[in-house]
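Asker: Each chain, letter by letter, is given below.
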Amino acid sequence: MTINQIQDRIVEDFNQFDDWMDKYALLIELGNGMEPIDDQYKVPQNIIEGCQSRVWLHADMADGVIHFKGESDAILVKGIVALLLEVFSGRTPDEILQTELYFVDKIGLKEHLSPTRSNGLLAMIKQIKLYALAFKARNS
Amino acid sequence: MLTFAVLKLQFMLSNEDILRLRTDFPILEEKIYGKPLIYFDNGATTQKPVQVLSKIEYAYKHLNANIHRGVHYLSQKATEAHEEARSTVADFLGAAQREEVIFTRGTTEAINLVAFSYGEAFCTEGDEIVVSVLEHHSNIVPWQMLCERKGLVLRVIPMNERGELDLEAYASLLNGRTRLVSVAQVSNVLGTVNPVGEMIRMAHDKGIKVLIDGAQAVPHIPVDVQQLDADFYVFSAHKIYGPTGIGILYGKQELLNAMPPCQGGGEMIDKVSFEKTTYNVLPFKFEAGTPDYIGSTALAEALRYVSAIGLDAIAGYEQALTEYATEQLMQIGRMRIIGTAREKSAVLSFLVGDIHPYDLGMLLDKMGIAVRTGHHCAQPLIDSLHIPGTVRASFSFYNTRDEVDLFIKALQRIVPMLS
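Quick note, the sequences are listed as chains S and B, same order. Just so we're aligned, residue 1 is where the first sequence starts under the numbering used here, counting upward by one. Just so we're aligned, residue 1 is where the second sequence starts under the numbering used here, counting upward by one.
These are computed hints drawn from the structure, not numbers from a lab. These figures come from a predicted structure and were not determined experimentally. Glycine is no exception: its CB is placed at the ideal position from the N, C-alpha and C atoms. Possibly wrong hints are sitting among the right ones.
Covered stretches of chain S (chain B as the covering partner; in silico rule of three or more C-beta atoms under 8 angstroms from a C-beta of chain B) [as the list claims (entries may be wrong)]: (1) 18 to 27; (2) 39 to 47; (3) 72 to 86.
With the C-beta cut set under 8 angstroms, the calculated list includes, among others, these residues of chain B facing chain S [stated by the list, open to error]: (4) Val71; (5) Tyr73; (6) Leu74; (7) His356; (8) Asp359; (9) Ile387; (10) Pro388.
Using the sequences provided together with the hints, build the complete structure.
Answerer: Set out below in structure tokens:
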């Protein structure tokens, strides 16, 4: 599946619910179901500090694609991290750099990406793109 | 009989009084995601009554001219309104003289002003400033900047597990090098009402001056700076139903006179020449530039509004509401109230189990309930408690038991989702 096909699938999953409670319940389920990040990656250099919550992000490159691992101390943020990793992890740097992220907006959760919420998510997306740039530069 | 009725009104607010007062606040009619707004973020800022809103409009429509220099009629009117506002603030705080009231942009600017000007006049390398562990960043960072600038040392009063300051430790921090104590009267996170009267006496016994950060106190409890004998007292208009962007520095006259101004410009000068400029007298010495005369006029209106209801009545009502909300919150499993001081204001910080405050806050928001989450600009305090932050409900007299009940219902729905 392409990145956008995955984004479309996420949008479909969420938009089957009309009630925000159900959407959030799904988000919480995704957060809870996420594989916890290994303690060795929960180190200061992987922390993205938000004012409200923190996000950990670790990146590795193998066979031309970048594998991300992530986590957050807030479950709603963790749910969105799970979705972002589903979209971005296992992709080539070029795929990541070319992606226009639209699913968060379309599932009605864009408030979590507002800079004023300061939960670390916006910085995380920026960091994902920076990793892609860095890995691309290193490989060329 | 009439006297009795008036007295009763002064000291007790009935549910009918509250419902009537609520109609003064247009924003309380707002719907958030289609649900009635429940505004429990009064510690961050309070909503504004129509009296204040109308005053702002009135001032712009009928009083707008730059003050203190115009010979013309409107300038005179604007100057009068601004200076009357100063008198209103002086009366409200119980200041001995109206010149002791300086208009600033808010609590933060007032503390920065003292940190700079008092620091310049009275502090030298090796001196000490005392703050407490429960201070807001705006009562920490300006002192750290002073410490860096002049080589001072910042000392910190610890607290006990209830969130009460350790007065014995405080006493031991006061020494010959202590130049100033700067503490909050009420903690914005824990609601602790610090015994500032006693703390000021203890400092004065050793000849040490004290600044009280009253930002979280003035909307909730009656304050008299002379009775407290505070050397400096600061607060923000927007936290007491007034406009944003204006606040107050009260300072004892002899201290303010001994301090150099921290900003230069118009209004604050006596004579200017390229060789030598002399400064204006108090209060103008500290008010460079065109003052916010619309803001001051609206602040005065807010203080009159609060005084008409009566701060004793407000305190009594808010105390009862906070106690009720505390009891109700305790019905929720795994509830931890953060801050259980015996003297506590209308602030309720809490955590439920290991649920992150952000998650609770986001879901409460979806139900139209505005609370604050996070470290509340008091990171050292939050770190000392080893928690990720708190959810904070902070009340005003316009909040009701019905709102508290809806809040509890919302939590009962949300907590299982997040557990």
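Asker: Given Tyr73 (chain B) was flagged as interface, is its beta-carbon under 8 angstroms from a beta-carbon of chain S?
Answerer: Constraint on Tyr73 (chain B) not satisfied, violated at 44 angstroms.
Asker: Taking a Cβ-Cβ distance under 8 angstroms as contact, does the segment 18 to 27 of chain S have three or more residues in contact with chain B?
Answerer: holds (count 4)
Asker: Counting residues of the segment 39 to 47 of chain S with a beta carbon closer than 8 angstroms to any beta carbon of chain B, are there 3 or more?
Answerer: violated (count 0)
Asker: Given His356 (chain B) as an interface hint, is the shortest Cβ-Cβ distance to chain S below 8 angstroms?
Answerer: Holds, about 4 angstroms.
Asker: Is the interface hint satisfied for Leu74 (chain B)? The criterion is a beta-carbon contact with chain S at less than 8 angstroms.
Answerer: violated, 39 angstroms
Asker: How does the segment 72 to 86 of chain S fare against chain B when you require at least three residues with a CB closer than 8 angstroms, holds or violated?
Answerer: Result for this restraint: holds, n = 5.
Asker: Any CB of chain S closer than 8 angstroms to the CB of Ile387 (chain B)?
Answerer: At about 11 angstroms, which exceeds the 8 angstroms cut-off, the nearest Cβ of chain S leaves the hint on Ile387 (chain B) violated.
Asker: Close enough to count: is the Cβ of Val71 (chain B) nearer than 8 angstroms to one in chain S?
Answerer: With a closest approach of 46 angstroms, the Val71 (chain B) hint is violated.
Asker: Grab the minimum C-beta distance from Pro388 (chain B) to chain S and call the hint holds if it beats 8 angstroms, violated otherwise.
Answerer: This hint holds: Pro388 (chain B) lies near chain S, its Cβ roughly 6 angstroms from the closest one there, short of 8 angstroms.
Asker: Minimum Cβ distance from Asp359 (chain B) to chain S below 8 angstroms?
Answerer: Given a least distance of 5 angstroms, the restraint on Asp359 (chain B) holds.
In summary, the numbered hints that this structure violates are 2, 4, 5, 6 and 9.
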